[in-house]
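Protein chains in written order, with the working numbering: chain H, 2 to 114; chain V, 4 to 116.
Accuracy of the hints is not assured; some may be wrong.
Claimed, not checked - List time: in silico DSSO-like cross-link candidates among lysine-lysine, alpha-carbon distance up to 27 Å:
{"id": "1", "chain 1": "H", "residue 1": "K43", "chain 2": "V", "residue 2": "K18"}
{"id": "2", "chain 1": "V", "residue 1": "K14", "chain 2": "V", "residue 2": "K65"}
{"id": "3", "chain 1": "H", "residue 1": "K69", "chain 2": "V", "residue 2": "K47"}
{"id": "4", "chain 1": "H", "residue 1": "K43", "chain 2": "V", "residue 2": "K14"}
{"id": "5", "chain 1": "H", "residue 1": "K2", "chain 2": "V", "residue 2": "K65"}
Unchecked claim - According to the in silico footprint, chain H covers these stretches of chain V (three or more CB under 8 Å from chain H):
{"id": "6", "segment": "27-33"}
{"id": "7", "segment": "47-54"}
{"id": "8", "segment": "65-77"}
{"id": "9", "segment": "107-115"}
Unchecked claim - To list a few chain V residues with every Cβ distance to chain H over 10 Å, as calculated:
{"id": "10", "residue": "K14"}
{"id": "11", "residue": "E88"}
{"id": "12", "residue": "P104"}
In case anyone wonders, no lab produced these hints; they're calculated from the structure.
No experiment lies behind these values; they were computed from the predicted model shown.
Even for Gly, the Cβ is constructed at its ideal location relative to N, Cα and C.
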Amino acid sequence: KQEVTQIPAALSVPEGENLVLNCSFTDSAIYNLQWFRQDPGKGLTSLLLIQSSQREQTSGRLNASLDKSSGRSTLYIAASQPGDSATYLCAVRRNTGFQKLVFGTGTRLLVSP
Amino acid sequence: EAGVAQSPRYKIIEKRQSVAFWCNPISGHATLYWYQQILGQGPKLLIQFQNNGVVDDSQLPKDRFSAERLKGVDSTLKIQPAKLEDSAVYLCASSLLRNQPQHFGDGTRLSIL
Numbered sequence: 002k003q004e005v006t007q008i009p010a011a012l013s014v015p016e017g018e019n020l021v022l023n024c025s026f027t028d029s030a031i032y033n034l035q036w037f038r039q040d041p042g043k044g045l046t047s048l049l050l051i052q053s054s055q056r057e058q059t060s061g062r063l064n065a066s067l068d069k070s071s072g073r074s075t076l077y078i079a080a081s082q083p084g085d086s087a088t089y090l091c092a093v094r095r096n097t098g099f100q101k102l103v104f105g106t107g108t109r110l111l112v113s114p
Numbered sequence: 004e005a006g007v008a009q010s011p012r013y014k015i016i017e018k019r020q021s022v023a024f025w026c027n028p029i030s031g032h033a034t035l036y037w038y039q040q041i042l043g044q045g046p047k048l049l050i051q052f053q054n055n056g057v058v059d060d061s062q063l064p065k066d067r068f069s070a071e072r073l074k075g076v077d078s079t080l081k082i083q084p085a086k087l088e089d090s091a092v093y094l095c096a097s098s099l100l101r102n103q104p105q106h107f108g109d110g111t112r113l114s115i116l
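In isolation and in its complexed conformation, chain H is listed as follows (with noise of 0.2 Å):
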């Protein structure tokens, strides 16, 4: 079975840092992994996708990475901005079976001007 794990659980950094987001998990059979964005009260918001076959992508001040021998992920935000402040998901997807998506805890981020 499946575990997605997410360290820090929450993190707080004053504005302009660069900060790092954790990501791991067990079975290192996966299609793809994603990051997502929870602002409160909304659903959830795509921001990387990373296949199996990569090892990183990056969007603007965005860049995860991907060890899928390690069963680990990293999300890189640079020059954080108090509009970063949300909670941060990432989910695995298998790549057998109905290959549905697997979603780690979060780590909620706060970022202080």
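Chain H is already provided as a structure; the job is to place chain V on it using the hints.
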């Protein structure tokens, strides 16, 4: 393009009552998902539809939860009777095809008294 629409946004009921949630996916999206997100946790897939057929309902508590997707478009999720542990946000998502990126609605927040 219009996003995934869900209603109601909030619902408060007493335990043992029944409740229903409605979801209208993005037009043309064949796959529809219902997730349960308990406070402080990541979303958990309850049921996945491909058009109007069920693909995966392995984590749906079938003694009290039911879902349908008539005509392969809108979907309803029902809980009868509700228990205290059903307090959560119920998220609906849709995707063009099964392994395509999922688009989420803002969810229905259910409180059981």
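Okay, the hints, checked on the actual structure:
| no. | hint | verdict |
| --- | --- | --- |
| 1 | H:K43 / V:K18 | holds, 25 Å |
| 2 | V:K14 / V:K65 | holds, 21 Å |
| 3 | H:K69 / V:K47 | holds, 22 Å |
| 4 | H:K43 / V:K14 | holds, 15 Å |
| 5 | H:K2 / V:K65 | holds, 21 Å |
| 6 | 27-33 | violated (count 0) |
| 7 | 47-54 | holds (count 3) |
| 8 | 65-77 | violated (count 0) |
| 9 | 107-115 | holds (count 5) |
| 10 | K14 | holds, 14 Å |
| 11 | E88 | holds, 17 Å |
| 12 | P104 | violated, 5 Å |
Hints 6, 8 and 12 from the list above are not met by this structure, while the remaining hints are.
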